[in-house]
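S.K.: Protein sequences appear in the order of chains A and B.
If you read the first sequence in my numbering, its first letter stands for residue 1, the second for the next number, and so on.
If you read the second sequence in my numbering, its first letter stands for residue 1001, the second for the next number, and so on.
The set of hints was computed from the structure by calculation and includes no laboratory data.
For clarity, every value in this text was computed on a predicted model and none was experimentally measured.
Accuracy of the hints is not assured; some may be wrong.
Unchecked claim - DEER-style ranges, computed between Cβ atoms:
hint, chain 1, residue 1, chain 2, residue 2, range
1, B, Phe1203, A, Leu84, 53 to 59 Å
2, B, Glu1037, A, Ile174, 45 to 51 Å
3, B, Arg1033, A, Asn96, 35 to 41 Å
4, B, Phe1175, A, Ile163, 40 to 46 Å
5, B, Thr1038, A, Ile165, 44 to 50 Å
6, B, Glu1178, A, Ile52, 28 to 34 Å
7, B, Gly1084, A, Leu164, 55 to 61 Å
8, B, Gly1084, A, Ile163, 33 to 39 Å
9, A, His79, B, Asn1111, 45 to 51 Å
10, B, Gly1084, A, Asp127, 45 to 51 Å
11, B, Ser1118, A, Leu82, 32 to 38 Å
Stated by the list, open to error - So these bits of chain A aren't anywhere near chain B, every CB distance computed over 10 Å:
hint, residue
12, Asp51
13, Asp72
14, Val83
15, Gln94
16, Thr111
17, Thr123
18, Ile163
19, Asn172
C-beta atoms are modelled at their ideal positions from N, C-alpha and C, and glycine is treated no differently.
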Amino acid sequence: MNKKSPLTPPEMKKHYLIFSLITLLIFSCEKDDICADTTQTTPRVVIEFYDIQARDEIKAIPGLFAIGVDSDGNEVPIHNELVLNRSLIALPLQNNSNQTQFKLYKSYALTDSNVSGNPDVITITYDIETLYVSRACGYINTYSIQTFSIGSDSDQWMSNSQILITQITNENEIHIKVLH
Amino acid sequence: MSLNAQEAEVKDSIVVQEKYGLRLGADLSKITRSFLETDYMGFEINGDYRLLKRLYIAGELGSEKKTTTTNYLSSTAKGTYLKGGVDYNMYENWAGMENLIYSGLRFGFSNFNQTLNSYTIYDTNSLTWGQNEVVDTESFSGLTSGWIEILLGLKTEVLNNLFIGLNMQIKARLFESEPDNFENIYIPGFGRTYDSGKFGIGFGYNISYLIPLYKKAR
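Using the sequences and the hints, build the whole thing.
M.R.: What follows is the structure in structure tokens.
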């Protein structure tokens, strides 16, 4: 019997095309399940410090150091926080509370486990909005600042503050301006 | 094959009769996965009806439940689907054999719901205050999606009227209802979705039985 082959060359080509397409699809999709480092994470609140004498001029704080304060008043060390002369600080907010407190030290120094410096306590209250990012990263939080206050004490180094941007959606902008 | 050759062949041999009828089956891969994988439950019945020598009307009806877990969230999709279309047999059978190597086209429709079981806030600065997983189950019901599918498969008659088959599907979503502040991670019948776009893939491993209704000379 003179039968033609079940798979003629053009059909074979078509099959190869489909198989390679499937292979391509499978390999191009693995990355979907891994959260890339470049993905915008939950933002921190960014505070910039200005001169009380010249309100538009940035003024660095010598030995600025921040410590978190939990709802029971216990100090919580901030991951990767260092003592530095700087005019800008980014602070992580608590995700399971609408309020976070920090102790900001000016001229912080630790000598023989004795802390020296001038601490001022700041309190930030905010609303949290949870935003869907992707299957790999899940959700991030964004914040809407309600209030920002500086606790008064006898040796207060921060004089005044102003909320510049209420919505905290990224760390590329200054949310709060503090005068000192 | 030339027309003359075909005429000659018909004259020379006994007229070959081919079976026409309704073939009904089930997807074995979905049943197997239901037993092997703890996060998957699925079932599909399928059928085709031979219309012409090479053309079949074909369809699938199924149900799937799939839980997807990544580092940051867990979600379960559950629903039913219906697919309908045609299969075209590209295979030239030897006399007396009725196997298929076919390509097919389907329109698929799914009605499903999706539950967000839990999630963790993606926060690279969470080492300070601690990462908290939110177990706040949220359900999105009444979701629908439709898609078009191109498939490629084969069906072999292993016993009289009993067929086993394999097929692969490439799908493109035409529409879907998006849950608020979430997305469809898995669509029953369509399969998992991809961040890259509207395409999806699937495969089937079927067993089916042909109910012959009449015979016709090929």
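S.K.: Which of the listed hints are broken here?
M.R.: Violated hints: 6, 8, 15; rest satisfied.
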